[in-house]
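A.B. asks: Residues per chain are reported as follows:
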Amino acid sequence: MSKEIIPAGQSISITVLFIIGTSLFMGSSGQSGNSSWIALIFAVALAVPLMLIYTRLHVLFPGKDLYDMLILVFGAVAGRVLSCLYIWYAMHLGSLVLRNFGEFSKTVALTSTPMVAPMLVIGLLCVWVVKAGMEVLGRSAKFLLLFTVMVIVVIELLSIPKYQFHHLLPVLDSGWKLVLSDTMGSFTFPFAEIVVFLGAFNVLPKKGSAAKVLVSSTMIAGVIILQVTLRNLLVLGPDILSSLYFPSYVAVSRINIGDFLTRIEGSSAIIFVTALFIKVSLCLYVASNGVAKVFKLSSYRSVVLQMGLIMVYLAVFIYKDIMQMQYFAYHIYKIYALPFQVAIPVILWVTAEILAWRRSGKKTAAQQ
Amino acid sequence: MVIYLLLIYAIVIIIDPYGLLKQGKKRDFYVCSVLCLVSFSLAFVLSMGWEIPSPSSPIVHWVKKLF
Numbered sequence: 001m002s003k004e005i006i007p008a009g010q011s012i013s014i015t016v017l018f019i020i021g022t023s024l025f026m027g028s029s030g031q032s033g034n035s036s037w038i039a040l041i042f043a044v045a046l047a048v049p050l051m052l053i054y055t056r057l058h059v060l061f062p063g064k065d066l067y068d069m070l071i072l073v074f075g076a077v078a079g080r081v082l083s084c085l086y087i088w089y090a091m092h093l094g095s096l097v098l099r100n101f102g103e104f105s106k107t108v109a110l111t112s113t114p115m116v117a118p119m120l121v122i123g124l125l126c127v128w129v130v131k132a133g134m135e136v137l138g139r140s141a142k143f144l145l146l147f148t149v150m151v152i153v154v155i156e157l158l159s160i161p162k163y164q165f166h167h168l169l170p171v172l173d174s175g176w177k178l179v180l181s182d183t184m185g186s187f188t189f190p191f192a193e194i195v196v197f198l199g200a201f202n203v204l205p206k207k208g209s210a211a212k213v214l215v216s217s218t219m220i221a222g223v224i225i226l227q228v229t230l231r232n233l234l235v236l237g238p239d240i241l242s243s244l245y246f247p248s249y250v251a252v253s254r255i256n257i258g259d260f261l262t263r264i265e266g267s268s269a270i271i272f273v274t275a276l277f278i279k280v281s282l283c284l285y286v287a288s289n290g291v292a293k294v295f296k297l298s299s300y301r302s303v304v305l306q307m308g309l310i311m312v313y314l315a316v317f318i319y320k321d322i323m324q325m326q327y328f329a330y331h332i333y334k335i336y337a338l339p340f341q342v343a344i345p346v347i348l349w350v351t352a353e354i355l356a357w358r359r360s361g362k363k364t365a366a367q368q
Numbered sequence: 001m002v003i004y005l006l007l008i009y010a011i012v013i014i015i016d017p018y019g020l021l022k023q024g025k026k027r028d029f030y031v032c033s034v035l036c037l038v039s040f041s042l043a044f045v046l047s048m049g050w051e052i053p054s055p056s057s058p059i060v061h062w063v064k065k066l067f
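Top to bottom, those sequences are chains A and B.
Taking the working numbering, the leading residue of the first sequence gets 1, the next gets one more, and so forth.
Taking the working numbering, the leading residue of the second sequence gets 1, the next gets one more, and so forth.
One should not assume that every hint holds.
Here are the computed lysine to any residue pairs in the SDA-like style, where the Cα-Cα straight-line distance is at most 20 Å [said to hold, decoys possible]: (1) A:K206 x A:W349; (2) A:K296 x A:A78; (3) A:K296 x B:K26; (4) A:K64 x A:K296; (5) A:K142 x A:M219; (6) B:K64 x A:S298; (7) A:K106 x B:G49; (8) A:K162 x A:I152; (9) B:K22 x A:S298; (10) A:K3 x A:K207; (11) B:K25 x A:A132; (12) B:K64 x A:I332; (13) A:K131 x B:V12; (14) A:K296 x B:K65; (15) B:K64 x A:Y330; (16) A:K296 x B:Q23; (17) A:K320 x B:P53; (18) A:K362 x A:L72; (19) A:K64 x A:K362; (20) B:K25 x A:S299; (21) A:K131 x B:P53; (22) A:K131 x B:I14; (23) A:K64 x A:A211; (24) B:K64 x A:A78; (25) A:K320 x B:M48; (26) A:K212 x A:A8; (27) A:K106 x A:P118; (28) A:K106 x B:S47; (29) A:K177 x A:A45; (30) B:K26 x A:S299; (31) B:K64 x A:S181; (32) B:K64 x B:M48; (33) B:K65 x A:K64.
Think of the hints as simulated: they come from the structure by calculation, not from any bench.
For clarity, every value in this text was computed on a predicted model and none was experimentally measured.
Just chain A, with the same shape it has in the complex:
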């Protein structure tokens, strides 16, 4: 089977939809009330250096994905153990996102339908697209990103009459401590989650600029999430915002243009599903790719269906209820995800730099 390569434009689309996926309907970490947008800007600023570290890994190991890098740097045994951790992380993240969607449909749209039904449908769709290959996912993402941005802009314009600017005041009412806590929350969820894309670095062109893909997608996603957060804040206010599980859905439901254009939240929910579809698909691809690399399989496609089914079942019993989901997402996840998003990649980068430096030193000595 020929090697899959996706161009930068499609990679950017995948990563943007991956980052905004859950934040579109779950919102961002919001303990700081009306200052959550400041935390979001800080989170983007923190994410950019991390993206540059990820990019450097692509420069040091062109054409290799995270699993290849781990095995090359840490050896067959330790590399495989760390690879297993990342397989778990990708599976877990995919399940969390699927569960978010399950809770969303159970709470607001399909209240009498068992939660597993919509999750299974989306899960099987993801299995289908991942089996078809990353090129198909890239092309879908490019189209879906255009559609998503168009819908967000239209909703933003329609929301303008509902804006109440006094909701933003007084700025920094809750103090810097909560803003910094929210910065940490927004950094790990969703920006640094892009570490999952390292597991798909093998689909980037060898000489392509990973910096262009990661930094620009972080910026684009940051602008989109900031825009959505500000809209929710201006329409609902910080008090209502913090009491809702799905604030974007409620904010859109407030739109009323001349008693004619109303109740468009159902239509806007389509973009939640499209972004979520890309996010789960990437998680599934990375988890399957990891299994293929750890067990030296001929193709990741051999395990996609089973990994997809396990991901859906895991989503069913991962939380007891929506309150546990909310607590995990905003309080536990920011600490749980840090080793996967920052610690292991930084150790990998430092070790790889030392190895590359030693290799170049040996080459120079041999030439002399």
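Since the structure of chain A is provided, determine the placement of chain B on it from the hints.
C.D. replies: Using the frame of chain A, we list chain B on its own:
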């Protein structure tokens, strides 16, 4: 529900692991079969309505212990 599950998994086994064996991908077949067994076990337990311990609880416990 369990009977439907058995029927669905019979089809899944024919399509997925058995298909790999027919293509001569032995290593892929073994890994896929193990994963298939795991996914079937989870589906069976869920269809029976038995409770599976959530992996989130130990994660929450560890994080709370650390901080």
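A.B. asks: Indicate, hint by hint, whether the structure satisfies it.
C.D. replies: Hints, one by one, checked against the model:
1. A:K206 x A:W349: Answer holds: A:K206 to A:W349 is near 18 Å, not above 20 Å.
2. A:K296 x A:A78: holds, 16 Å
3. A:K296 x B:K26: Answer holds: A:K296 to B:K26 is near 12 Å, not above 20 Å.
4. A:K64 x A:K296: holds, 15 Å
5. A:K142 x A:M219: Roughly 17 Å separates the two Cα atoms, so the pair holds.
6. B:K64 x A:S298: violated, 41 Å
7. A:K106 x B:G49: Given that 20 Å is the threshold and the Cα spacing comes to 19 Å, the pair holds.
8. A:K162 x A:I152: holds, 16 Å
9. B:K22 x A:S298: holds, 14 Å
10. A:K3 x A:K207: Cα-Cα ~15 Å, so holds.
11. B:K25 x A:A132: holds, 19 Å
12. B:K64 x A:I332: holds, 8 Å
13. A:K131 x B:V12: holds, 15 Å
14. A:K296 x B:K65: violated, 37 Å
15. B:K64 x A:Y330: Roughly 14 Å between the alpha carbons, so the hint for B:K64 and A:Y330 holds.
16. A:K296 x B:Q23: Cα-Cα ~17 Å, so holds.
17. A:K320 x B:P53: It holds: about 10 Å lies between the C-alpha atoms, which stays within 20 Å.
18. A:K362 x A:L72: holds, 18 Å
19. A:K64 x A:K362: Distance of about 23 Å is beyond 20 Å: violated.
20. B:K25 x A:S299: holds, 10 Å
21. A:K131 x B:P53: Not OK: A:K131 and B:P53 at ~30 Å, beyond 20 Å, violated.
22. A:K131 x B:I14: holds, 17 Å
23. A:K64 x A:A211: Roughly 15 Å separates the two Cα atoms, so the pair holds.
24. B:K64 x A:A78: violated, 27 Å
25. A:K320 x B:M48: Within the cut-off at roughly 17 Å; holds.
26. A:K212 x A:A8: Satisfied, since the Cα-Cα distance of roughly 8 Å is no more than 20 Å.
27. A:K106 x A:P118: Roughly 9 Å separates the two Cα atoms, so the pair holds.
28. A:K106 x B:S47: holds, 19 Å
29. A:K177 x A:A45: Answer holds: A:K177 to A:A45 is near 18 Å, not above 20 Å.
30. B:K26 x A:S299: holds, 12 Å
31. B:K64 x A:S181: Within the cut-off at roughly 16 Å; holds.
32. B:K64 x B:M48: violated, 33 Å
33. B:K65 x A:K64: The hint is violated at about 37 Å.
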